[in-house]
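Engineer: Chains as they are written, first to last, in the working numbering: chain A, 16 to 484; chain B, 16 to 484.
A few of these clues could be false.
Copies of the same chain look alike in the list, so a pair counts if it works inside one copy or between any two.
Claimed, not checked - With a Cα cut of at most 27 Å, we get these calculated DSS-like pairs of lysine-lysine:
#1 LYS306 <-> LYS443
#2 LYS24 <-> LYS325
#3 LYS362 <-> LYS24
#4 LYS387 <-> LYS362
#5 LYS115 <-> LYS387
#6 LYS387 <-> LYS194
#7 LYS409 <-> LYS52
#8 LYS317 <-> LYS432
#9 LYS52 <-> LYS137
#10 LYS24 <-> LYS137
#11 LYS52 <-> LYS387
#12 LYS24 <-> LYS409
#13 LYS306 <-> LYS387
#14 LYS306 <-> LYS432
Hint data in this document are derived by calculation from the structure and do not stem from the laboratory.
Owing to the predicted nature of the structure, the values given are computational and were not obtained by experimental measurement.
Protein chains: 2
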Amino acid sequence: YDIDGLKAKLAGIKTEDNANLVRQKSRDFYWYSPTLKRQLDHVVGDLIVSPVSEQEVVRVLAAAHELGIPVTPRGTGTGNYGQAMPLSGGVVLDLSGMNKVLTVQPGRFVAEAGAVIADIDKVARPQAQEIRMHPSTYATASVGGFIAGGSGGVGSITWGGLRDAGNVIRLKVVTMEAKPRVLELTGDDLAKVAHAYGTNGIITEVEMPLGPAYPWTDLFLGFDSFERAAAFANLLGEADGIAKKNVAVIAAPAPQTYFLRHQDYMAPGQHVVVAVVADFAVDAALNLAAKEGAELLLRSDKLADEERRKLPPGFELTWNHTTLRALRVDPAITYLQVLYPFPDQVKLSASIAERFGDELISHLEFVRFDGKVTCFGLPMVRFTTEERLEEIMKIHEDMGAPIFNPHRYTLEEGGMKQTDAVQLAFKKEADPQGLLNPGKMIAWEDPSYDYNAGGTFLFKGLAAEASKA
Amino acid sequence: YDIDGLKAKLAGIKTEDNANLVRQKSRDFYWYSPTLKRQLDHVVGDLIVSPVSEQEVVRVLAAAHELGIPVTPRGTGTGNYGQAMPLSGGVVLDLSGMNKVLTVQPGRFVAEAGAVIADIDKVARPQAQEIRMHPSTYATASVGGFIAGGSGGVGSITWGGLRDAGNVIRLKVVTMEAKPRVLELTGDDLAKVAHAYGTNGIITEVEMPLGPAYPWTDLFLGFDSFERAAAFANLLGEADGIAKKNVAVIAAPAPQTYFLRHQDYMAPGQHVVVAVVADFAVDAALNLAAKEGAELLLRSDKLADEERRKLPPGFELTWNHTTLRALRVDPAITYLQVLYPFPDQVKLSASIAERFGDELISHLEFVRFDGKVTCFGLPMVRFTTEERLEEIMKIHEDMGAPIFNPHRYTLEEGGMKQTDAVQLAFKKEADPQGLLNPGKMIAWEDPSYDYNAGGTFLFKGLAAEASKA
Ligand SMILES: Cc1cc2nc3c(=O)[nH]c(=O)nc-3n(C[C@H](O)[C@H](O)[C@H](O)COP(=O)(O)OP(=O)(O)OC[C@H]3O[C@@H](n4cnc5c(N)ncnc54)[C@H](O)[C@@H]3O)c2cc1C
Ligand SMILES: Cc1cc2nc3c(=O)[nH]c(=O)nc-3n(C[C@H](O)[C@H](O)[C@H](O)COP(=O)(O)OP(=O)(O)OC[C@H]3O[C@@H](n4cnc5c(N)ncnc54)[C@H](O)[C@@H]3O)c2cc1C
Numbered sequence: 016y017d018i019d020g021l022k023a024k025l026a027g028i029k030t031e032d033n034a035n036l037v038r039q040k041s042r043d044f045y046w047y048s049p050t051l052k053r054q055l056d057h058v059v060g061d062l063i064v065s066p067v068s069e070q071e072v073v074r075v076l077a078a079a080h081e082l083g084i085p086v087t088p089r090g091t092g093t094g095n096y097g098q099a100m101p102l103s104g105g106v107v108l109d110l111s112g113m114n115k116v117l118t119v120q121p122g123r124f125v126a127e128a129g130a131v132i133a134d135i136d137k138v139a140r141p142q143a144q145e146i147r148m149h150p151s152t153y154a155t156a157s158v159g160g161f162i163a164g165g166s167g168g169v170g171s172i173t174w175g176g177l178r179d180a181g182n183v184i185r186l187k188v189v190t191m192e193a194k195p196r197v198l199e200l201t202g203d204d205l206a207k208v209a210h211a212y213g214t215n216g217i218i219t220e221v222e223m224p225l226g227p228a229y230p231w232t233d234l235f236l237g238f239d240s241f242e243r244a245a246a247f248a249n250l251l252g253e254a255d256g257i258a259k260k261n262v263a264v265i266a267a268p269a270p271q272t273y274f275l276r277h278q279d280y281m282a283p284g285q286h287v288v289v290a291v292v293a294d295f296a297v298d299a300a301l302n303l304a305a306k307e308g309a310e311l312l313l314r315s316d317k318l319a320d321e322e323r324r325k326l327p328p329g330f331e332l333t334w335n336h337t338t339l340r341a342l343r344v345d346p347a348i349t350y351l352q353v354l355y356p357f358p359d360q361v362k363l364s365a366s367i368a369e370r371f372g373d374e375l376i377s378h379l380e381f382v383r384f385d386g387k388v389t390c391f392g393l394p395m396v397r398f399t400t401e402e403r404l405e406e407i408m409k410i411h412e413d414m415g416a417p418i419f420n421p422h423r424y425t426l427e428e429g430g431m432k433q434t435d436a437v438q439l440a441f442k443k444e445a446d447p448q449g450l451l452n453p454g455k456m457i458a459w460e461d462p463s464y465d466y467n468a469g470g471t472f473l474f475k476g477l478a479a480e481a482s483k484a
Numbered sequence: 016y017d018i019d020g021l022k023a024k025l026a027g028i029k030t031e032d033n034a035n036l037v038r039q040k041s042r043d044f045y046w047y048s049p050t051l052k053r054q055l056d057h058v059v060g061d062l063i064v065s066p067v068s069e070q071e072v073v074r075v076l077a078a079a080h081e082l083g084i085p086v087t088p089r090g091t092g093t094g095n096y097g098q099a100m101p102l103s104g105g106v107v108l109d110l111s112g113m114n115k116v117l118t119v120q121p122g123r124f125v126a127e128a129g130a131v132i133a134d135i136d137k138v139a140r141p142q143a144q145e146i147r148m149h150p151s152t153y154a155t156a157s158v159g160g161f162i163a164g165g166s167g168g169v170g171s172i173t174w175g176g177l178r179d180a181g182n183v184i185r186l187k188v189v190t191m192e193a194k195p196r197v198l199e200l201t202g203d204d205l206a207k208v209a210h211a212y213g214t215n216g217i218i219t220e221v222e223m224p225l226g227p228a229y230p231w232t233d234l235f236l237g238f239d240s241f242e243r244a245a246a247f248a249n250l251l252g253e254a255d256g257i258a259k260k261n262v263a264v265i266a267a268p269a270p271q272t273y274f275l276r277h278q279d280y281m282a283p284g285q286h287v288v289v290a291v292v293a294d295f296a297v298d299a300a301l302n303l304a305a306k307e308g309a310e311l312l313l314r315s316d317k318l319a320d321e322e323r324r325k326l327p328p329g330f331e332l333t334w335n336h337t338t339l340r341a342l343r344v345d346p347a348i349t350y351l352q353v354l355y356p357f358p359d360q361v362k363l364s365a366s367i368a369e370r371f372g373d374e375l376i377s378h379l380e381f382v383r384f385d386g387k388v389t390c391f392g393l394p395m396v397r398f399t400t401e402e403r404l405e406e407i408m409k410i411h412e413d414m415g416a417p418i419f420n421p422h423r424y425t426l427e428e429g430g431m432k433q434t435d436a437v438q439l440a441f442k443k444e445a446d447p448q449g450l451l452n453p454g455k456m457i458a459w460e461d462p463s464y465d466y467n468a469g470g471t472f473l474f475k476g477l478a479a480e481a482s483k484a
């Protein structure tokens, strides 16, 4: 690519080509997956470009379009599937400098896409408000990266998933054309770019709802049986009157082995529910827990300040932070993403746990899904071979639990295993040359691809880069 | 009763024995039911006593206990089943003077039991908070009366019913003994007095959660078919990301005939969904509505101020306000209270509507119930005879829709048709002489009563008073 030509066109915009820094900003948490680690380890961009305004984004996209250089957007690079990795090299468009929180009103905020979620709350909290939903990477992830690459997380037990109507209000998006357009998307149009990995537009501004910022309490509850823990978590999820942010179940021995700073609180063999509940709902939640046979292991509101400061917030033991803590102790761990569909979620997750024994450590995250409470799973798997990993996923699907494969870098393979016609149509319009985050949308790269053939999509551009490396 | 003796003991506490005022404060909205109108029309107390503090309540109960005079608590008398009517005469304990809002904190408030719900919000709103759940009698009902006599209402689509854990935090209750005790109830103990019609203790103080006070918008949406209206309401109820307070369906011709101030907005034959949605979620809700074939009839946020001032808030067309508006136009209307159990609520409510044709005008209120979205019904019935009313209820139950009979003044017949062992046990402890609101708890009056025999309980004390009258 004509990187020097590009630099010349971008006078006044911050760029970086130091090899170490470029390598660093060309990766995310893809290494959670041994498969992606093998496939993507060599991936590296040519230049980091860090715009600080919408006008600068427009200039970058126009220049890269003219020179035919791919552009891969990046928030803060906490994605898990190589989503923000530039498979064909080119520009890594670092949006973390576009981080202004523009307005906070009752029930909503407007921020630039690169704003870190925790920083949005710093502005909202003095108004007793906070973001309704966030990944467990709250402290580091950008709000634009969450919308482009995430799916839900803390808050989803109350508000459902990011995809659900009402969870994003408005997005501003810049297209990759000779004359980039700035579009405002609302309503159904949000689906064009939400969870599209930045393949069809650069999000520059986000408007999302805010919820009430209560004092929240972390509850850790121990159970002798995994199924009873799951059944309680489900009941708590369905307890409509109890204001809550998160309900997770982590099977033994993960809490004892991987939650290093919490080990003193856990007894061997206990399956642990980590719940985040409004302070005024703690009594109601504990009352329910006692009836279901739980042992109260820890409640954050009763800790001495000194003790509390030593512990991470409860949500940083949930979602993909559970996996992260496991990986830090045991690098041979990997994970899956599973849906246990309503209404069989409790029994099904317990049968699957039993089916695999020690090879899989269960981890459930309860959410609202189409108006019902059910759970996702992020089970930890003791990795042996890629073949066995495939087999484990096959068994899940055969038992009735769909997999969202976190060992694939394409939208389709990680998601619904079919073309998203809306996103594809928008890419044709907004990125006619296919320069945005190449290789991530199979429907664009290979319209005749057969998702049912059982193979793995291999992006040609990636293969070419790999042979160069 | 020795009313003069009682008055002497209550020096310094406000009492009233003007016959007109006593009659007025001895009734509620029992006349919604032709059956209750026939049974209770003559009911009247002997004296109104209006304490303004917990100490005064203690004094009243001690004195009435000593003299064996029944005490029937009353908030503001908006109940529908003669709940606050003194079936054996005696004291009407008017709690509306105990109306102080004591504290408002993030997520909760404490108020005296007689505080009108709208007045609590006047204190909470400057903190961007409001009560999470209220009856449609928001502007007039007391919070203590809601807890002792209500079941849910506006807000229940998000927070479930009053009975659900977390919807009441704490109650202060005074017992009816020689030395009345003041108890603090939390957790499971709340069920002892919640929805017990004041038969086993006088609530003096209430602590309940608050939710965020958004700018709310009323949406009126028209549908050609009742089933499609119900299906949309269900979808909106299940739309987890859309912040909302109420979702009601009112079948034609009720909106056109009974919503006098809204008639200009409705076309003949339209079945109307009245939804109350946060302003920032209106777009998402309307987008869903358009896909489901709705016609937008009215959105309150787009009305000119002058226009808006002419209309009641949307929630005052829902719950038992729908019935009230019908009764004002057509006094021959009465109503039922129905549960359409998940997951068949939409089909079942439509089949029942079809089964009865013109005799019944459907009215659904969507709620969360045990974690799932389903609906209650408050159908309007063109009354002919009490026998036919019984038949209509029987047909509902045979079709799978349980009835909470609003034509009965006892707890059991209006509710679960069985003894509530917890409330009975607490009455034995807190009101050993059975002086609190006599005649409302069958389990107390006639422990061997057979709920399955198909009869109607007739309180002996009521019969005796009637013969005097
Ligand atoms: C420990 C851990 C825990 C996690 N927990 C969760 C969780 O609970 N829920 C969840 O959903 N995810 C979770 N994730 C994944 C990830 O953290 C989130 O999705 C996060 O919100 C991504 O934000 P980011 O700024 O890091 O995005 P990045 O990783 O930088 O980018 C994510 C994707 O979005 C694209 N993108 C970024 N910014 C823009 C933009 N402005 N315009 C267009 N496209 C853009 C990128 O190209 C990439 O495809 C977790 C990851 C880790 C490592
Ligand atoms: C138009 C209309 C709409 C309505 N909509 C709803 C609705 O949406 N949801 C709903 O649940 N109800 C509804 N109701 C019923 C009623 O309005 C509510 O239940 C209301 O909250 C009752 O409050 P109140 O102060 O009027 O109670 P009252 O009618 O005065 O009393 C209700 C019961 O509680 C007892 N009581 C009152 N105060 C105390 C106390 N401090 N301690 C102990 N016992 C006490 C009384 O003895 C009586 O048994 C409606 C009624 C009408 C007429």
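Engineer: Each hint needs a verdict: does it hold in this structure or not?
Structural biologist: Hint by hint, here is what the structure shows:
1. LYS306 <-> LYS443: Cα proximity of LYS306 and LYS443: across copies only (25 Å, versus 56 Å in one copy).
2. LYS24 <-> LYS325: neither (49 Å within a copy, 61 Å between copies)
3. LYS362 <-> LYS24: neither (60 Å within a copy, 63 Å between copies)
4. LYS387 <-> LYS362: Both. Shortest intra-copy (16 Å) and inter-copy (18 Å) distances satisfy the 27 Å Cα cut-off.
5. LYS115 <-> LYS387: For LYS115 and LYS387, neither the intra-copy (36 Å) nor the inter-copy (39 Å) Cα distance is at most 27 Å.
6. LYS387 <-> LYS194: neither (45 Å within a copy, 49 Å between copies)
7. LYS409 <-> LYS52: Within one copy, since 21 Å is at most 27 Å while 66 Å is not.
8. LYS317 <-> LYS432: Classified as neither: same-chain Cα gap 47 Å, cross-chain 42 Å, threshold 27 Å.
9. LYS52 <-> LYS137: This pair counts as neither: shortest intra-copy Cα distance 35 Å, inter-copy 58 Å.
10. LYS24 <-> LYS137: Result: close neither inside a copy nor across copies, 37 Å intra and 59 Å inter.
11. LYS52 <-> LYS387: Neither: 36 Å inside a chain and 41 Å across chains, both beyond 27 Å.
12. LYS24 <-> LYS409: neither (50 Å within a copy, 80 Å between copies)
13. LYS306 <-> LYS387: both (23 Å within a copy, 21 Å between copies)
14. LYS306 <-> LYS432: between (42 Å within a copy, 25 Å between copies)
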